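Undergrad: Start counting at 1 in the sequence shown, then tack on 1, and there's your number in my numbering.
Simulated from the structure, these hints should not be mistaken for lab results.
Since we're looking at a predicted model, the values are computed, not measured.
Treat the hints with caution; some may be incorrect.
To be verified - Simulated restraints, written as ranges between beta carbons of each label pair:
(1) ASN83 to PRO149: 30 to 36 angstroms
(2) ILE102 to LYS724: 28 to 34 angstroms
(3) GLU345 to ASN217: 48 to 54 angstroms
(4) ASP221 to GLN715: 53 to 59 angstroms
(5) CYS372 to TRP161: 26 to 32 angstroms
(6) GLN110 to PRO414: 33 to 39 angstroms
C-beta: ideal position from N, C-alpha, C; glycine also.
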Amino acid sequence: MDASVENNVKAVRRSKEDRKVFRKQLKASHTLLKHEGISTAPQPTKSLVVANGGLGNGVSREELSAALKEMGELETLIMPPNKPYAFVTYRSEESARKAHINLNGEKLQCGENSVTLYLSYVNSVTCEEKVSVPLPDGLVLVEDFVSPEEEALLLAAIDWSSTNDDVTAQKALKHRRVKHYGFEFRYDNNNVDKDKPLAAGIPQECLPVLERCVKNKHIDILPDQLTVNQYESGQGIPPHVDTHSAFEDTIMSLSLGAKTVMEFRHPDGRLVAVVLPGRSLLVMKGESRYLWTHGITPRKFDTVPACDPQSPAHTTPDLSTYSNLTLSKRGTRTSFTFRKIRHEPCDCAFPSACDSQGAPSPPSPPSLPCCHADAALLEEEYVHRVYDAIASHFSSTRHSPWPRVCHFLSSLPPGSVLADVGCGNGKYLGVNPEVIAVGCDRSSALVQICAERGFQAFVSDALSVPLRTASCDACISIAVIHHFSTQERRLAAVRELVRLLKPGGRALIYVWAFEQEYNKQRSKYLKEHPENHSPTENTQTTGGSQEPHGKPSIHTSEHLEDNYSPVDNIQDVTDGKLSVHTNRTAFNTQDLLVPWHLKEGKKQVEGEPREGEKKDRRREKSKKTSGNTCSANSSSSMAKEVCNPDPSPGFLSNMCSGSGLDTSNATHSPDSQPSASGDTTQTSSADLKSGSENSPAPVFHRYYHVFQQGELEQLCGQEAGVKVQSSYHDQGNWCVILVKDSAR
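Model the full assembly from the supplied sequences, consistent with the hints where possible.
TA: Listed below in structure tokens is the structure:
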């Protein structure tokens with residue numbers, strides 16, 4: 002190729018790349034202004050914002066700093082926690098200009114991933130410094146408590162080669178390996194069998210360490226129970242409080258191997274994240290042991306200080322300052338948790354959390370089902386029974402139909418036959434009076450409410466609807482399929498909808514989305530005030546559905562690149578046990594229990610007084626909501642609806658006591674609300690009718706499988722003879738419209 006032609010081609014290519022970088026720059030600037038209030042400057046300055054160069058994108062301080070320093074001497078580098086951007090200030094404007102020219106559009110390799118950086122000038126960098134949160138009362142962290150030689154000796158003393166060791170009660174849990182010495186901690190009841198000591202006592206290698214603990218007055222008496230947990234990168238343990246009646250006050254946990262971050266949460270919502278370096282000792286006494294939950298979030302990277310402070314105890318920087326943060330990749334960590342078995346009832350100063358003083362020890366959370374029978378039992382307890390128990394209160398929170406569901410229903414030709422599978426209180430059955438609408442729901446209590454409102458509905462499981470094959474012009478399944486606990490059962494629910502459709506018929510499906518922040522928009526579920534504990538859609542399913550409350554504990558960040566994906570966003574179900582979701586927060590697991598707080602005055606679900614008055618009110622409401630199109634104020638009504646609690650099923654608790662520092666797989670539901678006295682209520686679905694009028698409002702838990710982007714389409718694609726006509730994200734839900742082949 003002629004040299005001049007080649008140069009022209011290169012110039013054109015460069016021009017295209019420059020335009021692409023400029024567009025990306027502009028997009029990043031608009032995103033930062035819209036969501037973070039950060040304005041970029043048109044003229045060069047010494048300070049730059051680096052889009053996609055943040056901790057939230059998996060970029061460490063060391064990696065970003067190395068790239069920036071090649072352009073000149075840095076004055077400051079600020080990387081806010083969980084954010085996909087960073088701020089840099091150079092010593093000179095010339096260095097900033099050099100970085101702006103040379104780093105814009107360049108890829109930065111971060112471990113196995115790479116990100117494309119987009120830099121814009123900013124006039125100034127102002128970053129609020131947060132006050133460091135003090136450690137919980139009674140919590141002490143001692144760094145370098147054991148030497149590297151002692152660490153190696155302790156790790157060598159644990160023999161993991163046995164696969165079924167009754168002597169040390171070794172267990173290969175789903176997300177960590179566990180050995181018990183002295184006494185076995187029972188995960189089925191979150192306690193120990195004090196009359197059955199194990200053959201293996203605490204290993205001799207631990208005695209010098211424990212004697213040092215006595216000498217340093219961390220403990221008064223030698224422990225007689227040890228739990229050893231081994232965590233691989235990405236593994237963790239749910240928030241829990243060690244069972245009061247099982248162990249004495251002081252609990253010690255020795256961290257060996259890789260560092261990690263443990264989070265402590267007070268019932269009032271205060272959160273303290275503590276960095277646990279390798280070879281450190283964590284001592285929990287008093288309030289920190291009895292009242293605060295502690296847990297380790299499953300993830301592969303932690304946000305930590307770039308240089309560990311010299312102080313013996315410190316919190317992670319996301320609770321202190323923004324100026325010195327980086328990412329720490331987790332490795333294999335082994336914890337030695339020492340405790341003393343309690344032989345007398347606990348008389349601590351925290352009766353609201355004490356199982357010896359009236360606070361009942363909650364049952365162990367259920368596991369994900371491994372067969373059809375287990376799935377049916379899980380859904381019976383954590384979906385069907387719950388919706389029957391909360392039906393009246395649930396219905397009172399479900400008013401106006403959702404606009405896009407309304408649009409689908411209003412588009413049906415007059416005379417069409419519509420089946421609402423999982424109809425809840427029937428709020429969609431009256432949207433289009435020109436169609437023949439019939440609903441079904443697994444909850445007889447919700448079906449009764451439909452009948453009182455004058456709708457045609459019957460009790461039926463969504464997996465087996467007693468209607469003729471190919472008898473319906475349209476079907477809707479709104480907030481139903483996410484209540485089925487296995488992939489096979491979710492597919493069976495789709496298949497049943499397709500069976501009901503006539504050839505050419507359409508089905509609308511809504512399921513709760515894992516992505517509550519999508520396309521730069523946060524769902525109303527995340528936006529609403531945390532004290533309104535409710536969900537995203539409005540109803541139903543094998544019962545009915547909607548979602549949660551609570552202070553957001555997970556910071557979701559805006560995507561500044563189309564291909565951006567959060568680091569380690571999804572955790573697996575720890576030890577196969579379902580965790581309890583904190584309402585009004587982003588999800589970090591797909592299979593979970595969502596709390597439903599039964600309001601005062603809604604407790605009596607059968608034989609309630611003034612039933613006639615309620616029927617009149619329901620009829621009046623149904624008249625208002627049964628027009629052939631959605632009312633003009635349906636959007637605002639929807640916003641109100643989403644504020645209402647839509648919590649959960651049978652497993653009911655505010656705080657689950659568990660096995661000690663790193664050993665319990667019990668979960669904690671911080672959104673459960675204490676009574677005026679500070680006590681928290683635990684109830685099963687069977688207890689509801691017997692509750693006195695003065696008792697605290699109970700909390701139920703419902704099972705959900707929240708769908709990731711593309712998962713619903715993939716599920717529907719497995720069913721032959723049907724195609725996905727369209728799909729979309731609607732206020733925290735993934736939605737599809739299916740069309741049945743005309744040939745079928």
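Undergrad: Next step is simple, just say for each hint if it's right about the structure.
TA: Against the structure, the hints come out as follows:
Checked against the given bound of 30 to 36 angstroms, the beta carbons of ASN83 and PRO149, roughly 33 angstroms apart, stay inside it. Distance hint check: the CB atoms of ILE102 and LYS724 are about 49 angstroms apart, inconsistent with the given range 28 to 34 angstroms. Remark: the range hint 48 to 54 angstroms for GLU345 to ASN217 is contradicted by a beta-carbon distance near 26 angstroms. One distance hint, 53 to 59 angstroms for the beta-carbon pair ASP221 and GLN715, holds here, with the actual separation near 58 angstroms.
Separation of CYS372 from TRP161 is about 29 angstroms and conforms to the stated range, judged on CB atoms against 26 to 32 angstroms. Between GLN110 and PRO414 the beta carbons are some 57 angstroms apart, a value that contradicts the proposed interval 33 to 39 angstroms.
Of the hints listed earlier, those the structure fails to meet are numbers 2, 3 and 6, in rising order.
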